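Starting from the structure of chain R, add chain E where the hints point.
Going line by line, the protein sequences match chains R and E. Under our numbering, the first residue of the first sequence carries the number 1, and numbering increases by one thereafter. Under our numbering, the first residue of the second sequence carries the number 1, and numbering increases by one thereafter.
Read the hints as simulated data drawn from the structure, not as lab findings. Source: prediction; values computed, not measured. Ideal Cβ positions, reconstructed from N, Cα and C, are used throughout, including at glycine. Please note: incorrect hints may appear among the correct ones.
[What the hints assert, rightly or not] Label-pair ranges, simulated between beta-carbon atoms:
| # | chain 1 | residue 1 | chain 2 | residue 2 | range |
| --- | --- | --- | --- | --- | --- |
| 1 | R | E91 | E | E279 | 15 to 25 Å |
| 2 | E | K392 | R | Q13 | 50 to 60 Å |
| 3 | E | G43 | R | H87 | 34 to 44 Å |
[To be verified] Below are the DSS-like pairs computed for lysine-lysine, each with C-alpha atoms no more than 27 Å apart in a straight line:
| # | chain 1 | residue 1 | chain 2 | residue 2 |
| --- | --- | --- | --- | --- |
| 4 | R | K20 | E | K107 |
| 5 | R | K111 | E | K107 |
| 6 | R | K40 | E | K19 |
| 7 | E | K381 | R | K58 |
| 8 | R | K20 | E | K217 |
| 9 | E | K217 | R | K131 |
| 10 | E | K42 | R | K111 |
| 11 | E | K24 | R | K20 |
| 12 | E | K206 | R | K75 |
| 13 | R | K20 | E | K203 |
| 14 | E | K19 | R | K111 |
| 15 | E | K203 | E | K233 |
| 16 | E | K315 | R | K75 |
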Amino acid sequence: MSSIRYLLLVNRQGQTRLSKYYHENTARARAHTEAEIIRKCMSRPANVCSFFPYEGHKVVYRRYASLFFVVGVGKDENELSILEFIHCLVEVLDTYFENVCELDIMFNMEKVHYILEEMICNGYVVDSNKKNILFPLMLMEELDR
Amino acid sequence: MAMFRRSLADMVRGIRANKKDEHKFIMKAIQEIKEEVKMPGKGAKVVAIQKLTYLHMLGYDMTWAAFNMIEVMSQESFGAKRIGYLAASQCFNEHTEVIMLATNLLKRDITSVNEYETGIALNALANICTPDLAQDLAADTLALVTSSRPYVRKKATLVLYKIFLRFPQALRPSFPRLKEKLEDPDPAVVSAAVNVICELARKNPKNYLPLAPIFFKLLTTSNNNWMLIKIIKLMGALTPLEKRLAKKLVAPLTDIMNSTPAMSLLYECINTCTVGLSEFTNVIRLCIAKLRLFIEDSDQNLKYLGLLALYNIMKTHPKAVLEHRDMVIFCLDDEDITIRQRALDLLTGMVTRRNLMEIIGKLMDKLDEAEGPYRDDLVRKVIEICSQDNYKYITDFEWYINVLMELTHIGRTAHGALIREQFMDVCIRVQVTRPYGVSSMITLLKDPRMVGENPEAGGMCEVLYAAAYIIGEFGSGSKQPKIVLEYLLQPLAASLPNHVQAVFVHNSLKVAAAAIKRQPAAAADILALMKARLPAFSHSTYLEVQERACLLLECVTLMENSPTPDVLAGELVAVFAEALNPVAAKAQKKVPVPAGVDLDAQINSPPPSDDEEDLYRRDDDDEGGDFWEGDRDEERRREKEWKKPKLSREEKRRQREQRKQRVASNPYYLGDSPVVRPEGLSEDEGEYGEVETLTADMLDMDGPLPPMEVDGRRG
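Looking at chain R on its own, in the form it has when it is part of the complex (with noise of 0.2 Å):
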């Protein structure tokens, strides 16, 4: 089972604006997990930390603006490194978009999911040096076009 094992982007109303899994899975039980995992999400104070177990595995999770980042983790990954994780994440989508919001994400969906591919692969953290990532992004935004 890979380190990551999935990364989602979910509103306070529960609706998933982003969703990457990395191991394999059926409608169904990423509709459960999601909608569960946003209301434990939500309904912890604000004053406690940042992960929790759930169903074997951990969730780190960190509240940007009206959107959760949370990332489903093995038991024995280092959840202050994905807490760093999800602040590059955050940073390097606030450079790309220019001052990102919620409905950034929510109509350039596949643009997240390149940056994220940038960053993670099979699972793994691969780079979290922002101008790396953003480098190949810009010279692909131009074979785009």
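Chain E alone, transformed into the frame defined by chain R:
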């Protein structure tokens, strides 16, 4: 007719605008998409697949368009390819029929001259790699690992891991080249190689020990935190296999711990030191100092992880951790219950004979303000701390009895039984405390809140069980036996759980007998009291209580009718005089089996083998393919809970016949009545409780059958 083609943005806007009938809107959009994929020309298909990918995220199936995705993937345009590959990454898997078509496509794209085309193809391969794809593309991917483009080298290296997972035979021939990448000029490629090797090494650390020197060099020269974290984790796994490695790690890890601003890296170092370098006290001291910074930080995450890591260190270095006792006690007030729980865990290991009373005192203080499950945690912890290692840290057992008495005042709790066990354990095993124990128990007994307020089994009333027993066993010197008896046999006691009542009744005999023997003059009074109170219990519906009460009434009558009740009482006292010592758990095993006795020999010949097991066989036909994985697990769980046999009607009929035959040949079965299952489930009962051949004899029992719960409904 030219259709106005909706773009993805249009569709997203449409979904937002149709919040009330979102599903209907989406179904319509899917219909449009089905038309669009059939249209000639390239553009329509691309947009269609783009929209489908979005809908997939919302939970709508897109596997029907798999072939269309391949079409889009084969287009020349980079943008189109990317969209096609993304769609495939989200939904292709081993069962996708068209995945064979993807093989050549992938082969072509990963060997493209355009490094970004290669990149997107490799990304897709990483996501959808099946064993077949792995086998077919292993060689090509391996070739790319030595591409002139670092971007390609990096991605190819990463994909190798997925290929190894699906096609393990690829590992051996690829490994030399993978190893070379650890010294690639581009740091991103090095990081990729480290990634792959660390994952491989997790399963089999021993094989990667020879690579330790290279990793060591990377550890001291790199500043890529992610890579460092992986390497340090790996080192932690390798240190048990090579003692010299631990010694060499002291310097670099100390350096990193002292210089890095990244908390995640610091945390990883501390974990590895705890696991692999625990014999180097200086390093451990440094770790503890750093953990103190974690715990004192206002960030809840750091606090929690700090406490967790400190707990791990405590297992090997309890004394070093002891100095930070105050800080841990401070954490007991934290708002986050998980932090409080970690602090409690730590405290358990921090007690000594000298500080036990102080620590328990502090915990008892917290008990007043605590609520909910945390309160129960505290109760359990107090008892755990005091009773650990056979009460090693307790110097004054009367103090402990007071602590337990205080615990009984908190009212509702899940740990009534635990407190009961403690009272009994202490009074039974520590003889000198018995008099004090008895007087405390009498106080407890007289407390109207104990009996009246908490009558549920498992709650605080369990302590009364201990109270009655202790008073009965050790309270023979009691100065006011009549008053004690009045409390033991009070009418309210009939509302207690039956096992507690039984003990009350039984011990009243012990108290009465001891009193009468000592003071024959008081016999009449005592016997009259018992005769008045016992009938409330002898009419109890609980068998145990009823039996004891009746027995006692007989004893009372005997003594009443005897001219010398004190002699009879004396005999009873003799019965109870033998000390009941606790028996060690393993005592039975130590009893030697007498010569000539074979405990495994059959006494009677075994009955003909029942098909009992078949009835509990699960019917595997019920479980469909992998598609509803989540459901299947849930069903399995539910099945385990009920132990319901899942059989087809045919099977049930067959087994009914077999059973009828067995019944016919067995002289002990009565007539034609079918066998009744212990839970009240007749063998004839179908899925929903319909009973097929119920005879009048079966219905003729005392009272109705309890309604059977099927599928959560009473049926």
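Here's how the hints hold up against the structure:
no. : hint                          : result
1   : E91(R) to E279(E): 15 to 25 Å : violated (41 Å)
2   : K392(E) to Q13(R): 50 to 60 Å : holds (55 Å)
3   : G43(E) to H87(R): 34 to 44 Å  : holds (38 Å)
4   : K20(R) to K107(E)             : holds (25 Å)
5   : K111(R) to K107(E)            : holds (24 Å)
6   : K40(R) to K19(E)              : holds (24 Å)
7   : K381(E) to K58(R)             : holds (26 Å)
8   : K20(R) to K217(E)             : violated (35 Å)
9   : K217(E) to K131(R)            : holds (25 Å)
10  : K42(E) to K111(R)             : holds (21 Å)
11  : K24(E) to K20(R)              : holds (25 Å)
12  : K206(E) to K75(R)             : holds (22 Å)
13  : K20(R) to K203(E)             : holds (25 Å)
14  : K19(E) to K111(R)             : holds (25 Å)
15  : K203(E) to K233(E)            : holds (13 Å)
16  : K315(E) to K75(R)             : holds (20 Å)
Hints 1, 8, counting from the list given before, are not met by this structure.
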